[in-house]
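As a plain string of letters, each chain reads:
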Amino acid sequence: MVKPLQRKLWRDIGRHKPQFIAITVTIFLGVAIFGAAWDSYTNLVASYDQTAVEYRFANLTISGGDSEAIAAMAAADPEVESVELRTTVDVPFRVDGTKLLGRAVGVPVGAQPSVNRLDISSGTYLMSGDESVVLVEDHMANHFDLAPGDRFDVLVGDSWREVTVGGVALSPEYIWPARDRQDIITTPDNFGVAFVSAALAEQITGTGPNEVTLYYSDGEGNEELTVTLGETARELGATNVYTREEQPSNNALTEDVKGLEEMAVFFPMMFLAAAGMAAYVMISRLVHAQRPHIGTFLANGFTRRQVLRHYLGYGLAPGLLGAIPGAIVGVLLARVITRLYTSILSIPLTIVDFYWTTLIGAIAFGVVASLLAALAPALVASRVLPAEAMRGETPSGGGRRSLIERILPPLQRVPTAWRMTFRGVGRNPRRTIYTIIGVVLSLMLVLVSWGMIDTVRHLMDRQFIEIQREDATVFFTGPTSTDDVAALVAIDGIAAAEPALTLPVALSANDEHYETALMVLPDDTTLHRFADIDNGWIDLPAEGIVLGQATRDLFGIDVGDSIHMTLAEGMAVTAPVAAFVDEPLGTMAYVGRTQAESLAGTALPATSALIAYDDGVDSAALRNTVTELPQIAAFEDANVLYDLMQRFMILFYAFVGVMLVFGGAMAFALIFNAMSVNIAERTREVATLLAVGTERRSISRYITAENMLVAAMGIPLGLLAGYFAAGAALNSFNSDLFTFRLHIEPTTYLLASLAILVVALISQVPGLRAIRRISIPKIVKERSA
Amino acid sequence: MTIEMAGVWKTFGEGHTAVHALKDVDLKGPQGEFAVILGPSGSGKTTLLNLVGAIDNATDGRIEVGGIDLANLDVDEQVRYRRENVGFVFQFFNLIPTLTAAENVELVADLTADNGAERAEEVLEQVGLADRMHHFPAQLSGGEQQRVAIARALVKQPPILLCDEPTGELDFETGRMILALLQDISHEQDQTVLLVTHNAAIGGMADRVLKLRSGEIVDDLRNQSPVDAGALTW
Chain A
1 MVKPLQRKLW RDIGRHKPQF IAITVTIFLG VAIFGAAWDS YTNLVASYDQ TAVEYRFANL
61 TISGGDSEAI AAMAAADPEV ESVELRTTVD VPFRVDGTKL LGRAVGVPVG AQPSVNRLDI
121 SSGTYLMSGD ESVVLVEDHM ANHFDLAPGD RFDVLVGDSW REVTVGGVAL SPEYIWPARD
181 RQDIITTPDN FGVAFVSAAL AEQITGTGPN EVTLYYSDGE GNEELTVTLG ETARELGATN
241 VYTREEQPSN NALTEDVKGL EEMAVFFPMM FLAAAGMAAY VMISRLVHAQ RPHIGTFLAN
301 GFTRRQVLRH YLGYGLAPGL LGAIPGAIVG VLLARVITRL YTSILSIPLT IVDFYWTTLI
361 GAIAFGVVAS LLAALAPALV ASRVLPAEAM RGETPSGGGR RSLIERILPP LQRVPTAWRM
421 TFRGVGRNPR RTIYTIIGVV LSLMLVLVSW GMIDTVRHLM DRQFIEIQRE DATVFFTGPT
481 STDDVAALVA IDGIAAAEPA LTLPVALSAN DEHYETALMV LPDDTTLHRF ADIDNGWIDL
541 PAEGIVLGQA TRDLFGIDVG DSIHMTLAEG MAVTAPVAAF VDEPLGTMAY VGRTQAESLA
601 GTALPATSAL IAYDDGVDSA ALRNTVTELP QIAAFEDANV LYDLMQRFMI LFYAFVGVML
661 VFGGAMAFAL IFNAMSVNIA ERTREVATLL AVGTERRSIS RYITAENMLV AAMGIPLGLL
721 AGYFAAGAAL NSFNSDLFTF RLHIEPTTYL LASLAILVVA LISQVPGLRA IRRISIPKIV
781 KERSA
Chain B
786 MTIEMAGVWK TFGEGHTAVH ALKDVDLKGP QGEFAVILGP SGSGKTTLLN LVGAIDNATD
846 GRIEVGGIDL ANLDVDEQVR YRRENVGFVF QFFNLIPTLT AAENVELVAD LTADNGAERA
906 EEVLEQVGLA DRMHHFPAQL SGGEQQRVAI ARALVKQPPI LLCDEPTGEL DFETGRMILA
966 LLQDISHEQD QTVLLVTHNA AIGGMADRVL KLRSGEIVDD LRNQSPVDAG ALTW
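Protein sequences appear in the order of chains A and B. Reading the first sequence from the start, the letters are residues 1 to 785 in this note's numbering. Reading the second sequence from the start, the letters are residues 786 to 1019 in this note's numbering.
Straight-line alpha carbon distances no greater than 30 Å define the calculated DSSO-like cross-link-like pairs of lysine-lysine that follow:
#1 A:K778 to B:K996
#2 A:K778 to B:K808
#3 B:K996 to B:K808
#4 A:K8 to A:K778
#5 B:K996 to B:K813
#6 B:K813 to A:K778
#7 A:K17 to A:K778
Simulated coverage check for chain B against chain A, where a stretch passes if three residues somewhere in it have a Cβ under 8 Å from a Cβ of chain A:
#8 837 to 851
#9 881 to 892
Hints are computed from structural coordinates only; laboratory data are not their basis. Note that the structure is a prediction, hence the values are computed from the model and not measured. Where a beta carbon is used, it is the ideal one built from N, C-alpha and C, also for glycine.
One chain only, chain A, in its complex shape:
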């Protein structure tokens, strides 16, 4: 049987239904986001881990140097379970007349490799010794609609060789089809992977195996082993040593999943804090209004513990009502998100588990947040002195002029009604502070979400418009003379062409190593700009190397310090660092052609050309013309890449859009509660003012002004807090692959502020409507309105 106090609790909640619904919904959202994000994160990490184990994803990949000696060295280590020696070569492919940069990865015939196994989604693995049969990686197969039996061409030596698709394969190395760590984003018509017989791969390179992949015992990472093997491999001439974590595809996916982890903490925290404050404001008001009742309870023999429990119930109820369905919805949503995510990315294995800990944890978070919110007012209730509480209401609050009047004395002469508005702001300082915090939290949520959109847009513009000023990059089939590059300008539609030489390079300093690419560009390049992190735009220096800024922290070096570079074939150079550049994507090294040739002691070829279009050129036609040239391997249109990134962003925008809607809902819930309480507390004053002849619309105006003033006070703080929160959120995504510098447009600040003010204005409507329903005779006669 429900006890009278419990009945009172539910009836009180019923009387304040909109306010408690707002609290419940906010808790629901916070808990649901936590459940969805945390379980999605856990499931995806589990899916990646399981995929890594199932497909024996390499713990360490070593390129260059004496691969056979490196393999033998690794095989001798008992902690290395499997060693695979293979040939990996970048080579042009031609599919239905489209040339693209291909990558041929040699695999053994007749049996899957012992490291980096493939998941054959159609067709069969390479079982015969027929070198013309290859496996096509899933992304390339999808883009070019390739199926078993289809054919395409691979450039072997100087001639195109036709190969037949034997099957379509998923590889743990190419779940995200990144060309390398400095080229994470590629267009599918510009980069594709095929797994070919080891024999064909060696024919393409004309040499033996050039890469070693290692799988440790049980597939577990082993830092000490990695360091030892890496050092020995470098001694044997290896130019690129990367772990599973650093592997380009895995690294890109890990960065992506990290976002979910961040989201699982940051966003729910905001919602639960907001719900907690809304609950605090509401329950405090209830306790204040019910002081005579509390006094009566205590006078009649209720214990303080009973009173405390009763008022904690006002927190517990919305906590449970919001958290239980929120946790269930979140956990269910996580299953949908995980499946959607793994299917979009074609992750071979999807793990969707049910985690009791998440469910219980999510419910606990929601309940604890609301209980904490109820604790302070419940304690106040339990400490009420009965005689005092039953004596009736004494005017509370006020008692002094508002701060703004004290700062600006002329304001003491404004009409009394407006003075009332100013003083209303400071009347209940704690509630005012909580309302301001509510506005701040809402703005933080909005700015973190919106700031990400602005930053990524700005990042893309900076990378693809301001830094990479080329309209397209043309890749040659092999090293080409700079004269061939200059000749490209003769093609109708090409306004300028600059030679670029990209070489894999291992940088080292202070016992740290970093593998990247060294790009040799004309000294006076106009198609690539360099943004010095200290000095703005700079030219390529005549002396010294320009490095991506991530290396500064990694190596602990500064401008003027030396950096050691190991290039292919064991060539090593030490040069001073001339500048660190701020580039959003990747961490490259740059050097001017004159200096590079001087260091090499010979004229250097080009591996690609940066080109600028003539105005109004038909880029598709130009691409066809250029790729028909025999020395051209691929043509990458910067606009296509830009558009592709924009398309990737649609999902991101959708996510941020949902967060904005949630943020709006949170802001509404929080501000609505504060405003409702503010208005409810004034009922007696409002009735009195109405009785003496003040118009309802005037009263509404005063109260609106007061509430809007409080909301407006939160805006500067919210913008500031939002700026720092957005910066912190973005910082967590920074790595050598991506550098996010927070960029929030002024219009975003303006629109976010306006949005909050609009939400504040709308959230007052229910309270103002209540003013219209006020019964003057009833209220003015009540002891405690």
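Here the structure of chain A is known, so what remains is to put chain B in place on it, guided by the hints.
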């Protein structure tokens, strides 16, 4: 301002839950009369006061105050009527806690006059609060708060003053002082005062005493020699 009520009914609720707060009340009150309405709780005293003050509407019957038919007033006209004609004094003072005594009065004075601040000071002096006018309600005693409330009611110089249990929250001495104030003001300004109370002793100071029981006027007494409020005792 004269008050005329004829056949006035006020019913709350409907059907079998209907409660008749006033039943067929007839009343005529001349200008400048100090009337005390007596009756136990639930007798309809406050309801009668609310109808005259146009903060509530009669269910049936006619109420005319100074020739204004209250039944025909729309919401805006009711506001104007209250603003220009009625001053309220409530049992619980109902002061705005964030405004000083002077500002509470000025707030209402501003509704009808340009020189609200001056008027507020004058009236506060009149009620004996010259030295307390810049204090906030929380800094005033109950009696002082009620005097502020009276000043607030008087500042518009309303022809009618409606007082609902104005001494209900005050001790004997303070209550008597407030009544004396009301009596003096009524005489000085020739205001019509309707004062509701359940304290029969207060009837002694009135020109007229109306007794209500269960929504009906059961007694209507003229007091030929009202005593000074200061002489009252209960």
